[in-house]
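Here the protein sequences line up with chains H and L, keeping their order.
Take the first sequence: its letter number 243 is residue 626 in the numbering used here, and every next letter is one higher.
Take the second sequence: its letter number 14 is residue 397 in the numbering used here, and every next letter is one higher.
Straight-line Cα separation of at most 30 angstroms, DSSO-like style, residue types lysine-lysine; simulated pairs:
(1) L:K398 <-> L:K608
(2) L:K459 <-> L:K663
(3) L:K678 <-> H:K674
(4) H:K572 <-> L:K401
(5) H:K579 <-> H:K681
(6) H:K681 <-> L:K579
(7) H:K681 <-> L:K572
(8) L:K571 <-> H:K678
(9) L:K674 <-> H:K681
(10) L:K579 <-> L:K545
(11) H:K674 <-> L:K579
(12) H:K608 <-> L:K572
(13) L:K681 <-> H:K681
(14) L:K631 <-> H:K674
(15) L:K663 <-> L:K398
(16) L:K579 <-> H:K608
(17) L:K490 <-> L:K545
(18) L:K545 <-> H:K608
(19) L:K678 <-> H:K678
(20) L:K631 <-> H:K678
(21) L:K681 <-> H:K571
(22) L:K678 <-> H:K545
(23) H:K608 <-> L:K681
(24) H:K674 <-> L:K681
(25) H:K631 <-> L:K674
(26) H:K542 <-> H:K579
(27) L:K608 <-> H:K545
(28) H:K678 <-> L:K545
(29) L:K674 <-> H:K674
(30) H:K631 <-> H:K681
(31) H:K490 <-> H:K542
(32) L:K608 <-> H:K681
(33) L:K678 <-> H:K631
(34) L:K681 <-> H:K572
(35) H:K681 <-> L:K631
(36) H:K534 <-> L:K608
(37) L:K674 <-> H:K572
(38) H:K681 <-> L:K678
(39) L:K631 <-> L:K678
Keep in mind the hints are simulated off the structure, nothing from the lab.
Protein chains: 2
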Amino acid sequence: MSVLIVGSTALDSIKTPKTENPRLLGGSASHAGVAASFFGPVKLVGVVGDDFPKRYLQLYQRHGIDLAGLQRLAGKTFHWSGEYEVNMNNRRTLLTELGVFETFTPKLPATYQTTPFVLLANIAPALQHHVLDQMRRPRFVAADTMDLWLKVALPDLLKLLKRLDAFVLNDSEAQQLTGEDNVLPALKKIHQLGPKYVVIKQGSHGSILSGPRGLFLCPAYPLRKVVDPTGAGDSFVGGMMGYLAAAKGPIDDHIRRAMVYGSVVASFCCEGFGLLRTTKTTRPQIDRRVKELEKLTKF
Amino acid sequence: MSVLIVGSTALDSIKTPKTENPRLLGGSASHAGVAASFFGPVKLVGVVGDDFPKRYLQLYQRHGIDLAGLQRLAGKTFHWSGEYEVNMNNRRTLLTELGVFETFTPKLPATYQTTPFVLLANIAPALQHHVLDQMRRPRFVAADTMDLWLKVALPDLLKLLKRLDAFVLNDSEAQQLTGEDNVLPALKKIHQLGPKYVVIKQGSHGSILSGPRGLFLCPAYPLRKVVDPTGAGDSFVGGMMGYLAAAKGPIDDHIRRAMVYGSVVASFCCEGFGLLRTTKTTRPQIDRRVKELEKLTKF
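Using the sequences provided together with the hints, build the complete structure.
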């Protein structure tokens, strides 16, 4: 089955002490879309300006991503620019130009409206609602978010939580949302806000799922070197949803393995700037790291 | 088989905004000794003053801990006092009185010298050497340490590393020792310093082993509430060594499960001040959490 993914489609300029990396393909929908594409068909919803390089459209297409829902408007593509410090640990934003995103209203093609799996990747909750409003009885809806929306659009986000099957957020966002710094009470409070499945991401320490079959501690694939973690969270949730949509049978039978697959796609994402490493990844490489993780966690 | 454990035997006074907890039994050897005692016989090496409460000697004895190597000297027992802030996350030291530890020279009873498993729990590396000097061909030697010894006794510690089978330290100490903030290159560098097995502890995120059979990602048991993490690292390594000493066959066949057992004993340690919760723990409770961890990590 296919996954519909809405989120940001952006150009990211990432500076380091050694390299420049201008105008890489970025955005939550790009990372999640490419990640999901390893498992099955993806329908993208987003917006780009007339400066959006043709090679990035071709990149989406090479990954079999349906672009019928990608609007191309006059104006500039959403552009984010940031800089890493010498130790590559701290990143600071230099510039954020919303461009065509400022007036974006997603309008779903008819062919999109019956997609069974829906991923509302990180984007303003109002837009996530707007996409969901146009869907006809999707089977499974997941959403990601970021600290910004907890600050500036909390009422919208709280309304969204009641419409979700799964909510994915990172540990600092979970603390921001619930006031709990311990992950277990935080998970409990988020369930009370609506979602049946809650996933808290913990960066290089993996992630934790709470669902009808209890907790699952999902490992992160250990990396020798992290080049750029931008988009890792989006890759995680994209890979997870792609795997889930491709699996047959109940969600509960597959969601743990889906998270491990998401975790592995995220590991590839971290090994290059932007999508440079992810787009070179193959399904056998992904399967190999999943097998490795099985061995690394067995006792 | 039994484990010999040398380390600090202390009185810990732990203040929180709500409670006082004066003169609890503490110290690395106390935590590691009680943790190891769930699996088999333990021989303790340490020193206490004439103010050491009789009830703590009885506590050791209730856990079947051999006290022939525990010196009782005139003077004060090592006393540490600390205070937690309101959120229970930050702890600051109020006072450290070395007492009888200032002049302590461990002298092993003859019955101790052939113990097959040796745990050099956190204590000055010179004392760890001194204990090891008195041992006759132990089968497996592990050591723990702390940031202080990396600062003030690095040459001694580096010499010790060449005498160990296993070295256990936490992530910030590994970074301090190797200059690597990524755990994989840090593990590699520590192997080059001597030990065949290296374990890096990551607090509530579990721990990672590097050994002849590759890496193992050991989970931490997720807790609803952490009351006091003091001694958790000592409990981890104590439980691990206790389990290993009780297991039959090659180390490599058991070390992963040994770490999981250590991790579970550490989880009980965190649920009470000092040793208050650990000493109430039973082997069936430990086995139950290990089983739970199996379920929580399976995919």
